[in-house]
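J.: Chain by chain, the residues:
Number of protein chains: 2
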Amino acid sequence: MQYHVNGELVPAEAATVNVADRGFQYGDAAFETLRAYGGTLFKWNAHLERLQTTCEKLGMPAVIPDDLHERVEETLDANDLEDGYVRVSITRGIQPGALTPKPDIDPTIVVIVKELPRAGVEGEPRWDGPAVVETVETRRNHPDAIPPGLKTHNYLNGVLARLELRNEDGTVAADDALLLDTAGYVAEGTTANVFFMENGVLHTPSLEGAILAGVTRGVVLDLAADLDIPVETGRYRPERLAEADELFLTNTTGEVWPVGELDGEQFAVGPVTEQLAKAYDELIEDFY
Amino acid sequence: MQYHVNGELVPAEAATVNVADRGFQYGDAAFETLRAYGGTLFKWNAHLERLQTTCEKLGMPAVIPDDLHERVEETLDANDLEDGYVRVSITRGIQPGALTPKPDIDPTIVVIVKELPRAGVEGEPRWDGPAVVETVETRRNHPDAIPPGLKTHNYLNGVLARLELRNEDGTVAADDALLLDTAGYVAEGTTANVFFMENGVLHTPSLEGAILAGVTRGVVLDLAADLDIPVETGRYRPERLAEADELFLTNTTGEVWPVGELDGEQFAVGPVTEQLAKAYDELIEDFY
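So the sequence lines, in the order shown, correspond to chains A and B.
Heads up: the first sequence at position 26 corresponds to 32 in our numbering, and the numbers run straight through without jumps.
Heads up: the second sequence at position 249 corresponds to 255 in our numbering, and the numbers run straight through without jumps.
It should be emphasised that the hints constitute simulated quantities derived from the structure, not laboratory data.
Don't take every hint at face value.
Identical copies carry no separate label here, and so any pair may be met within one copy or between two of them.
Said to hold, decoys possible - Derived lysine to any residue pairs resembling SDA-like cross-links, with alpha carbons at most 25 Å apart: (1) 108 / 281; (2) 108 / 233; (3) 63 / 176; (4) 63 / 150; (5) 157 / 143; (6) 108 / 91; (7) 157 / 271; (8) 108 / 179; (9) 108 / 120; (10) 49 / 102.
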């Protein structure tokens, strides 16, 4: 594999950052995870916009290089990938002094890619069956401590949640962890937004809560509007999910992923989930 | 400078971690900051114990190498340092798959050092006068999201707090930010614990709150006991600090640092602060 580091393609083994880089020392870095379909970066503008928002909130509004899209395409091309996972990271780089961020920034810019199978109507399944999800004790970051809209290298909240899924023999008990916010309302998975159907209405936690504005979440809400599926966003107690008619997760690589089990309760893959997954596949099929 | 990376001394410029390292990607790493005085690592056992606690809570209980103390000494020696700042980091390394941590760990172990002046009774001042401190809007991480006892590369909460201190012209308005917890009680500085004197009693937030158990905090509490200074720990509203008779910060490199200004209010350097700073200096003088 070849990765892109500070404007150069380098072999994955040689793709490094200095130990003094703030991205390493403090997780002081913004990132985005994207999906390439048939050589096209899906929802590039939405990801770029969110990356810009994260960078601004980190006090580094002018660090995204003009040729970022090219760097990503070069990395995909260098690895001969038409379909892949892409991770773009922008760190505050190395700065003099200690913790206080300085306005003068020489960012470190990294693009990593991984191969993924073709998606869309003619594509391969994105997962081995419906997701098994477990609610964990770890709560989503408090919005006053780490704003939930920031997508950064401070990902320990999700790591701690995933650690709770580990069985004693080292196997993993679930595909994702469901996190509540510190007030006990449903937030999201560690790397996915959550949706549920209740009385014919599609529900998902609103962006006012401790959640990330997932790009896939936005696409699914658009598809629901196109399909005339009634939608409500709000704050929900976990009991609402437990009693829901259908449940699914959304994220960039999993797309629309039905939940088959939540905390030991079984869920059938319902008609609205299937309808949305099909519409998503059709949307993606246009890239092939 | 030379740093220590995975058992080897390397020039600082060549001290790197791979971009796939979880320490970089997720801030999935434990660290400690230590002080060497006259060639001796101060409170090594206390730092090692806290590092072990962090590693255990990160689900990697057996990653600290037996020769960690040697690695730190080698790094100090290679740079000809008797007095210095030391940062030891242990990451979960590179693992297959995505976010879920795997039990099989090949940790990345990094030792960084910086020169510091001699301390103790005969030493140079650790700071340019009393600290200027500002209470910020950013709240300390919620204990249910990121346990405060963990010292990790997820340091964005402190970075965001420090960003609030930045003036429009890029200068910095204060030496440290004071963070409250999400319930509005005093927590700590971004890299320091906070103490205040009130009616002849030394107060500091208790370890039950959203704070780190600072090693220097522990040393100062021991010194206060030796000096028969009455101590109380608890949860305090910020008004208590604003109305305190004396105020100071503690951390590994600043030791006992009087606060001269909090949110625009002036504080004189009081007798108990001076007494504790002197006792700290005497304790350190033994290392020369």
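J.: Indicate, hint by hint, whether the structure satisfies it.
T.: Against the structure, the hints:
Proximity of residue 108 and residue 281 under a CA criterion of 25 Å is satisfied in neither setting, with 49 Å inside one chain copy and 35 Å between copies. Taking identical chains as interchangeable, the C-alpha atoms of residue 108 and residue 233 are never at most 25 Å apart, the minima being 48 Å within one chain and 41 Å between chains. For the identical chains of this complex, residue 63 and residue 176 are inter-copy neighbours only, at 16 Å across copies versus 38 Å inside a copy, given an alpha-carbon limit of 25 Å. Both within a single protomer and between protomers do residue 63 and residue 150 lie at most 25 Å apart by alpha-carbon distance, with minima of 13 Å and 24 Å respectively.
In the homo-oligomer, the alpha carbons of residue 157 and residue 143 lie at most 25 Å apart both inside one protomer (22 Å) and across protomers (20 Å), since each shortest distance falls under that limit. Within a single copy, residue 108 and residue 91 get their C-alpha atoms only as close as 32 Å, which misses the 25 Å cut-off; across copies the closest is 21 Å, which meets it. In this homomeric assembly, residue 157 and residue 271 never come within 25 Å of each other (Cα to Cα): the closest approach is 31 Å inside a single copy and 36 Å across copies. Taking the shortest alpha-carbon separations for residue 108 and residue 179, only the inter-copy value of 13 Å comes in at or below 25 Å, while the best intra-copy value is 43 Å.
Taking the shortest alpha-carbon separations for residue 108 and residue 120, only the inter-copy value of 19 Å comes in at or below 25 Å, while the best intra-copy value is 33 Å. Neither within a single protomer nor between protomers do residue 49 and residue 102 lie at most 25 Å apart by alpha-carbon distance, with minima of 36 Å and 27 Å respectively.
Of the numbered hints stated above, those contradicted by the structure are hints 1, 2, 7, 10, listed in ascending order.
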